[in-house]
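Student: Each chain is listed here by its residues.
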Amino acid sequence: MNSSSMPTPDALRPRDDERLVFDAPASQADRPTHYCPGCHHGIAHRLVAEVLDELNVADRTILVASVGCSAFSYDYFTVDALEAQHGRACAVATGVRRANPGSVVFTYQGDGDMAAIGLAESVHAANRGELITAIFINNTVYGMTGGQMAPTTLIGQKTTTTPEGRHLLGEGGPLRMTELMAGLDGVAYAERCALDSVKHVRAAKKALRNAFEVQLRGLGFGFVELLSGCPTNWHMTPQAANRRISEEMIPVFPLGVTKNLLDK
Amino acid sequence: MSDTVARTLIKGNEAVAFGAVDAGCRCYFGYPITPQNEIPETMSRLLPAVSGHYVQAESEVAAASMLLGACAAGVPSMTSSSGCGISLMQEALSYMNGSMLPAVLVNMARGGPGLGDIGPSQGDYFQAVKGGGHGDHRNIVLAPATAQECYDFMFRAFALAFTYANPVMVLGDAIVGQIKEPVRRTPPADALSPAQLEALAAPWRVEGRGKRGPGAAPRLIKSVYLAEGALAARNRLLQDKYEAMRAEARSLSYNVDDADLVVVAYGSIARAVRSTLRALREQGVAVGLFRPVTLYPFPDEALRALAAARPGRRFLVIEQNLGQMVEDVRLALFGAAGCGAEVLWHGLMPGLLANAQMLEEPVRMALAGKEIRS
Amino acid sequence: MTTSAYQDVIIAGFGGQGVMLIGNLLAQAGMEYGREVSFLPVYGAEMRGGTANCTVVIDVESVGSPLVQTPLSTIVLNEPSLAKFQPRLADGGVQIVNASLIDKALVDSKRRTVYIPANDMALEIGSVKMANMVALGAWLKATDALPLACVQDALNRVVGSHYAKLIPANAKALAAGYNFA
Numbered sequence: 000m001n002s003s004s005m006p007t008p009d010a011l012r013p014r015d016d017e018r019l020v021f022d023a024p025a026s027q028a029d030r031p032t033h034y035c036p037g038c039h040h041g042i043a044h045r046l047v048a049e050v051l052d053e054l055n056v057a058d059r060t061i062l063v064a065s066v067g068c069s070a071f072s073y074d075y076f077t078v079d080a081l082e083a084q085h086g087r088a089c090a091v092a093t094g095v096r097r098a099n100p101g102s103v104v105f106t107y108q109g110d111g112d113m114a115a116i117g118l119a120e121s122v123h124a125a126n127r128g129e130l131i132t133a134i135f136i137n138n139t140v141y142g143m144t145g146g147q148m149a150p151t152t153l154i155g156q157k158t159t160t161t162p163e164g165r166h167l168l169g170e171g172g173p174l175r176m177t178e179l180m181a182g183l184d185g186v187a188y189a190e191r192c193a194l195d196s197v198k199h200v201r202a203a204k205k206a207l208r209n210a211f212e213v214q215l216r217g218l219g220f221g222f223v224e225l226l227s228g229c230p231t232n233w234h235m236t237p238q239a240a241n242r243r244i245s246e247e248m249i250p251v252f253p254l255g256v257t258k259n260l261l262d263k
Numbered sequence: 000m001s002d003t004v005a006r007t008l009i010k011g012n013e014a015v016a017f018g019a020v021d022a023g024c025r026c027y028f029g030y031p032i033t034p035q036n037e038i039p040e041t042m043s044r045l046l047p048a049v050s051g052h053y054v055q056a057e058s059e060v061a062a063a064s065m066l067l068g069a070c071a072a073g074v075p076s077m078t079s080s081s082g083c084g085i086s087l088m089q090e091a092l093s094y095m096n097g098s099m100l101p102a103v104l105v106n107m108a109r110g111g112p113g114l115g116d117i118g119p120s121q122g123d124y125f126q127a128v129k130g131g132g133h134g135d136h137r138n139i140v141l142a143p144a145t146a147q148e149c150y151d152f153m154f155r156a157f158a159l160a161f162t163y164a165n166p167v168m169v170l171g172d173a174i175v176g177q178i179k180e181p182v183r184r185t186p187p188a189d190a191l192s193p194a195q196l197e198a199l200a201a202p203w204r205v206e207g208r209g210k211r212g213p214g215a216a217p218r219l220i221k222s223v224y225l226a227e228g229a230l231a232a233r234n235r236l237l238q239d240k241y242e243a244m245r246a247e248a249r250s251l252s253y254n255v256d257d258a259d260l261v262v263v264a265y266g267s268i269a270r271a272v273r274s275t276l277r278a279l280r281e282q283g284v285a286v287g288l289f290r291p292v293t294l295y296p297f298p299d300e301a302l303r304a305l306a307a308a309r310p311g312r313r314f315l316v317i318e319q320n321l322g323q324m325v326e327d328v329r330l331a332l333f334g335a336a337g338c339g340a341e342v343l344w345h346g347l348m349p350g351l352l353a354n355a356q357m358l359e360e361p362v363r364m365a366l367a368g369k370e371i372r373s
Numbered sequence: 000m001t002t003s004a005y006q007d008v009i010i011a012g013f014g015g016q017g018v019m020l021i022g023n024l025l026a027q028a029g030m031e032y033g034r035e036v037s038f039l040p041v042y043g044a045e046m047r048g049g050t051a052n053c054t055v056v057i058d059v060e061s062v063g064s065p066l067v068q069t070p071l072s073t074i075v076l077n078e079p080s081l082a083k084f085q086p087r088l089a090d091g092g093v094q095i096v097n098a099s100l101i102d103k104a105l106v107d108s109k110r111r112t113v114y115i116p117a118n119d120m121a122l123e124i125g126s127v128k129m130a131n132m133v134a135l136g137a138w139l140k141a142t143d144a145l146p147l148a149c150v151q152d153a154l155n156r157v158v159g160s161h162y163a164k165l166i167p168a169n170a171k172a173l174a175a176g177y178n179f180a
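Residue numbers (numbering that gives the first Met the number 0), protein chains in the order written: chain Y, 0 to 263; chain U, 0 to 373; chain R, 0 to 180.
Listed next, the in silico DSBU-like pairs over lysine-lysine satisfying Cα-Cα at most 35 angstroms (straight line): (1) Lys-157/Y / Lys-258/Y; (2) Lys-258/Y / Lys-204/Y; (3) Lys-210/U / Lys-258/Y; (4) Lys-198/Y / Lys-258/Y; (5) Lys-221/U / Lys-258/Y; (6) Lys-204/Y / Lys-210/U; (7) Lys-369/U / Lys-83/R; (8) Lys-83/R / Lys-140/R; (9) Lys-205/Y / Lys-210/U; (10) Lys-263/Y / Lys-210/U; (11) Lys-369/U / Lys-129/U.
Just so you know, the hints here were simulated from the structure itself, not pulled from any lab data.
Let's have the full structure, built from the sequences with the hints guiding it.
Tutor: Next up, the structure:
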């Protein structure tokens, strides 16, 4: 049952002859989100909450939020949380986790936060093998500020700051964070997943679980990149956004586990 | 000479580290920069021995962010830096003010602007006492002048940071950090114990809601207030807190009773001035010294009391910058409250190694009402 | 033994001559003697010219300025240091000048000077590296600032354990300098 501060209304509780087959995870706050229709943050949040429930760690978990569309991610989890400056989530998480070694700490960051302004903090926390889990939402665009170029924007992709499409020389190529992270000795788990299909969503949940598992076992830094849709800034329907992930993003950002110390 | 037993000869920077750890500091985050490297070096030795954490960060931006995280967890924690490094920490400093976190930062200031030099300077006065980061915020600022004070003020810094849930900056300089002097490692009388610090953080720290029993509501530490009127309410709270901090203003006075001229100086410059005044006293010249120990809150009431105690006496601000603290002195003594006291100023250039002899001339001239600006 | 109430000294030489070591030793000894002391190494641009210097102040009350414009005494171990600090020596002050490395013609005859072949004396005792101790010994005699035995004893706190076996020789070098002056 949902143990958040907003209990399920009685009208929605199962009657004696009914069986509850679908409910919000206890770690997820039961409240409407501010995200746009078709945005994948909702799915990503739910997956994280399910994993926290299944690992039974929510009561010792601390979320370090970021700046971007997910700035208010803490509103949607029933765990202790704090705000970090733009890009600094992994450094802030380092401080929290060091100060409170018994806690479970995760960051939830978009592509601007993780891969542009916070690249140094993200890479160095990973390289130090900080016992934190970083969840990276890659939707190839700056959502909150209105669709500007991200470090993960695809070559040729038009954004509000690349009106002619992104050029490799001068504007750079899409940064492949999972491959970058997997190359660091301190990283215990790195996987890129996508949220465009049921199959991929299921794989994403498994990846998230593993990325927390390495933290719980003290193996090192856990990292999951989630290819996500931004229908609003892509100017697409949610269905078309899902197609874009599979047809345009996955060829540039291949899915799969690039590092896993769990079985070693 | 019975008091020699407990003294050890250590640098101001080392005294900072010993004081911090003895005061209960358990996390240090930093990035090397001269002239404060003995602080991280000493911390990297001391903290593992007390189950603490020393992290050499990838930058001062990251170090201050780690500090934010550790402070949010309610654990006495600190960073230290100088010059450009302190500039890089201003982002997190603003957030820590907005989030009301008990951060302790040490600035062993060096000469600027820019890369400047690694010599002593008081050019960071404005940055330290007027906030430094974006938004309207205030740091409590303590200014040690001796290695012993470096040790003692770390206790005070943690006590104030946790009492007010507010960042505290300990502002020294290259002299204060590099000087080796006898230090007694005994907690000052006004120190708070680690248990007292923890008790002050218990009501707000993030720790995992399970620590507060089953069904506890989650906690959130943040500085963002978007709802209409919410930021105004938050800033009013901060304003009230800054007002309450005024009770923490501290200063020291030397030989002021019969002085026609009172020199106002802090930190290492106050030491040089004290020697200058000693030499002048021997020549029968009555000059006193007023030394702000807290730069924020500024000890303006004590300064006004000095002006009222001997109407007509002059004040001479001596500082190692182009004129910063003099503004606070003039504000304190402005109008009727300052009894019309005249405020003169003498500045020393950054990087210069000030000594007692070089200050005699500006003090003598000020006695005659003449200002030698620098 | 009578000792003066206030004393300050600038110690200067090439990097590697042990300038900081004898500065530390003097401050440690002063502290153990019950005095207030300060030791300030001068670093920065000046250090990169190849010379190092430090200032030690010994006082009966808490030390004010840890730096002095016109020192009451100096210990100069090389020629550049003599050029720099001889003009700053206070009237009536004393300078210990390393005769092994500094031409006597450069020494201002109006200054009270102990012109001591510190390197040669140190070599006789066992190592040229102890020239700093010889010079400090001469300074102790010339200034009467602290008892020789107190400084010799402080070697045990200042010299690292790796070099503890060198302490007796260093104590001897201090004594040799003291007896020369």
